[in-house]
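For the record, the sequence lines run as chains L and R.
The opening position of the first sequence corresponds to residue 1 in my numbering, with each subsequent residue numbered one higher.
The opening position of the second sequence corresponds to residue 1 in my numbering, with each subsequent residue numbered one higher.
Since the hints were derived computationally from the structure, they do not count as laboratory data.
It should be emphasised that the depicted structure is a prediction, and the values quoted were computed from it without experimental measurement.
Every residue gets a Cβ at the ideal spot worked out from N, C-alpha and C, and that includes glycine.
Warning: the hint list may mix true and false statements.
Said to hold, decoys possible - Just so you have them, the derived chain L footprint on chain R, three or more residues with Cβ under 8 Å:
| no. | region |
| --- | --- |
| 1 | 44-54 |
| 2 | 74-87 |
| 3 | 329-337 |
There are 2 protein chains.
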Amino acid sequence: MQATLFQVEGDTLLAQGEAGLSETAWQLLGLSENDEITVTHPPAVESLASVRRRIYGNRLDARAFAEIVGDVAAGRYTEVHLAAFLTASAALPLDDNETADLTRAMINVGDQMHWNVPIVVDKHCVGGLPGNRTTPIVVAIVAANGLVMPKTSSRAITSPAGTADTMETLAPVDLSIETLRRVVDGEGGCIAWGGAVHLSPADDIFVRVERELDVDTEGQLVASVLSKKIAAGSTHVVIDIPVGATAKVRSKAAAEQLAHRLNTVATRFGLAMTCLQTDGSQPVGRGIGPALEAFDVLAVLQNLSNAPDDLRQRAALLAGAALEIGGKAEKNAGVALALKTLADGRAWSKFEAICEAQGGLREPPKAAHVYPLVAPRAGRVVHINNRKIARLAKLAGAPESKAAGVHVEVRLGDEIDRGQPLVHVHAETTGELSYALDYAARTGDFVSVES
Amino acid sequence: MQATLFQVEGDTLLAQGEAGLSETAWQLLGLSENDEITVTHPPAVESLASVRRRIYGNRLDARAFAEIVGDVAAGRYTEVHLAAFLTASAALPLDDNETADLTRAMINVGDQMHWNVPIVVDKHCVGGLPGNRTTPIVVAIVAANGLVMPKTSSRAITSPAGTADTMETLAPVDLSIETLRRVVDGEGGCIAWGGAVHLSPADDIFVRVERELDVDTEGQLVASVLSKKIAAGSTHVVIDIPVGATAKVRSKAAAEQLAHRLNTVATRFGLAMTCLQTDGSQPVGRGIGPALEAFDVLAVLQNLSNAPDDLRQRAALLAGAALEIGGKAEKNAGVALALKTLADGRAWSKFEAICEAQGGLREPPKAAHVYPLVAPRAGRVVHINNRKIARLAKLAGAPESKAAGVHVEVRLGDEIDRGQPLVHVHAETTGELSYALDYAARTGDFVSVES
């Protein structure tokens, strides 16, 4: 393991010959108090020569990616090295060969799961659309219809919540590979955090740095998605690509290019894939942030009267595609079957059973501090800025503060009054609330109203 | 100030409401025990949006560079942010406008010196050639001839020693701006560490990350060199560009391009410049590493019989150019005047006086562990690999371990016997020695001998 050595003076903290360790180091090394450790210089990391070549515009081969990813997964790269590799892969985007080589390298350094069924379905959203939390609903619908869907999800990269962040407010998600297998064997599906099961562990390291950079490139995105799916043993995958002016993918052309790249690399690994372009013009549901999104998910699954219909329809669209690709519905009959599975309560029963198997259904937390941003004038909602709203939710503390985020009170086309709340900011502490409200005061135009 | 917050459990280390600080933080904040501090989230760093735009291939304007460099100098960038900015500037090299804008931004965030004389000379070597430690000799010659040369130097970026590292083994180099002024007013010259006087402080932050990445790009190099020279109040500068297959600049064409870039940007700031291409085919002098290079410098200044003649000739060439550009010698008469100043002892007297003014001449340290790498066969020395030798010296501990490095015992063209030492590795600890010897055993071909 590689670590930074800090020195202390005097003997109040440590005696001569003693070292203190971080909690992470205690766990990784499996040490007890008074154990002996050996500290040496780290060996020279030879794969950094490949990173430097990549910075200067040279393409890398499979061997170089294998060496880089091996060193990354072993913890031999510093933050500076990781940032340089990711930046170089953004400045000169990875091509198809590099993306496939990176994907394979990321699969090979982690665990891989195998299932004794011919069809294993999965879904993924490329992100960029706040509140688009369809996964828990899709898994429940698909598993309720007898397909196997061992879903592993990431935490947020640049967004206020990832599926794992949201799901964690409803049930434990850091399942061991044995628990995950038991849940899926029993219920046909699960919604787990990918990092805990050590599928594509290098990805989790990359994701952490991408989050700090707020950079998320196509090549890394494809390698990240596909390495997780393939390592999880998936054979059929549905991809949700939201398209909108302030979504991650901004145009139909960009969505098609991304779908092409995903399909090209997936084909090399024998993975069947359906890419769906969806509306990315405004947030999905009402809540943005782990717990706020969880309440939307519960409302749809429980058929509550206030359930956001846009979230229900999107989940049904994706679940329908999965049911079709997985052979449980005829072509164009998937969506109807999905909606029926929600309406008759089978999806909710399945979701409850999955949560119980993962360790027990939980009540998501609620924020201590809620503050409205109100309409400066009466009129019609003509634009909702996904990026600004996502940033507002992050500044309020999401995803680290589970209850934090933004609740969107209006939809495009709504007629509203002056002073009517447009969104509510939710925060766990007054510090985080004022941090978000400072940004709100500086920025404005989260929701544009035209009189 | 921005810092990383680590949390501890229990109350053995810290009581509730207490925080421990690093030595750096104590100093930067000017705190005493029991002082109160306030810890909040850092404000969002808006200039990172420009870094992201640069990663994706967009050129930046003067305002963007000013904002980035301002945030960097204020300590608001993490290692990840710094690495991303530097990598982006390497992947898509900075153009002339960007380089000039970056240079100006780096000047503006630091102190600037002004001298009441019309001509202030300076010199700089673009590096990449181990042992090329001419600066202390050049300053002594130039100041002995009545020119003003307030030299500030950097520590090593990717090399085993920078001028400041070497000079520090001979005299204090972390001079305050007041001390520096006093030394130069009294002696006409100094050899100080640039970082201590807060000239271009952002550069020192960039340099630290460049060192970790082992990446050193043309745009950053030009901005680094020129910002330091201009902030130091220089009007006339001589640049040494060593050219060789394993030097930093590998071809005459690359040297001309770099000289052109340096001249172009220098002209925008009204700086007169002479660029000299010099032989970069083998290390200069015998020693590589702070103290080992200092012994070579002393031998030349003291006219010792074992003084390396190549170091003497290079120093005279550069000092000659400075004497000519500064009006103390006719065209083509500078080198002869420089050699005369060395031979008659005036350069050594001046150097002694400068060291005394900086805080006292010191004896450089000697390494506890010295190990020879010997010739595997008899024959002629046909190639000396600067890069491998530099890396060997770094692995032996240079520049952090002042006495560490490599002593080169042969020159290109020498006829040698089997078993004759080619280089000696110097290390302060057995750990560092074995670290270097491991690399030597894996690598070989530091000195190529043909029978």
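Checklist entry - Against the structure shown, which of the earlier numbered hints fail to hold, in ascending order? => result Of the numbered hints given earlier, the structure breaks just one, which is hint 3.
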